[in-house]
Amino acid sequence: MRIISGQFRGRKLKTLEGMNTRPTADRVKESLFNILNTKVYDANVLDLFAGSGALGLEALSRGAASCVFVDSSKEAIDIVKENVDLCKVQENSKIINKDYLEVLKNINNKFDIIFVDPPYSKGIEIVVLENVKDILTEDGMVIIETDHTDIPPEEINGLIKYDSRKYGRTIISFYEHNKKKVL
2 MRIISGQFRG RKLKTLEGMN TRPTADRVKE SLFNILNTKV YDANVLDLFA
52 GSGALGLEAL SRGAASCVFV DSSKEAIDIV KENVDLCKVQ ENSKIINKDY
102 LEVLKNINNK FDIIFVDPPY SKGIEIVVLE NVKDILTEDG MVIIETDHTD
152 IPPEEINGLI KYDSRKYGRT IISFYEHNKK KVL
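In terms of the numbering used here, the sequence shown is residues 2 to 184.
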């Protein structure tokens, strides 16, 4: 796995051995960041279920102001730390080894971009969407990666899906605050 573009382009990242993590494919990651384009610049990012930290590090490489990496696995967090050190972005990074729900309920930060790449077929994306509204900036977005059989809802807890892309068996869904005026 590597950083695709930006300041750390071509940098190879360490990954976890085994099948407990499922890194986002380079093709999907490249398409995702092409869609995000300039929205990444100066953004405060949350990388939930960080795994190796590839999504957050790609965002930092492309000019994000900061990234909070969250994973409940000690092994994953150790890899994130190594990759953060490899890219020398310690000052722009915060690494949290806790359960995602505990973090979502207790974090005081607001985020412009929230990456959510949970284990497939467990319904975790629904729980995340029910708990991120208050930590998402007004113009922020939540980006969820799921298996093609796990289709997230169109609208949930004040968030609305405004785009969805399919890459093989992977679906990337984009959410934002529902800004429709209620009369």
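If you are wondering where the hints come from, they were derived from the structure by calculation, not from laboratory data.
Owing to the predicted nature of the structure, the values given are computational and were not obtained by experimental measurement.
Any given hint could turn out to be false.
[As the list claims (entries may be wrong)] Derived DSSO-like pairs: lysine-lysine, alpha-carbon spacing no greater than 27 Å straight-line:
| id | residue 1 | residue 2 |
| --- | --- | --- |
| 1 | Lys99 | Lys75 |
| 2 | Lys40 | Lys75 |
| 3 | Lys134 | Lys89 |
| 4 | Lys180 | Lys134 |
Structure-based check of all given hints:
1. Lys99 - Lys75: Holds, at roughly 9 Å.
2. Lys40 - Lys75: This hinted pair is violated, its Cα atoms lying about 31 Å apart.
3. Lys134 - Lys89: violated (31 Å)
4. Lys180 - Lys134: holds (12 Å)
Comparing the model with each numbered hint stated earlier shows that hints 2 and 3 do not hold.
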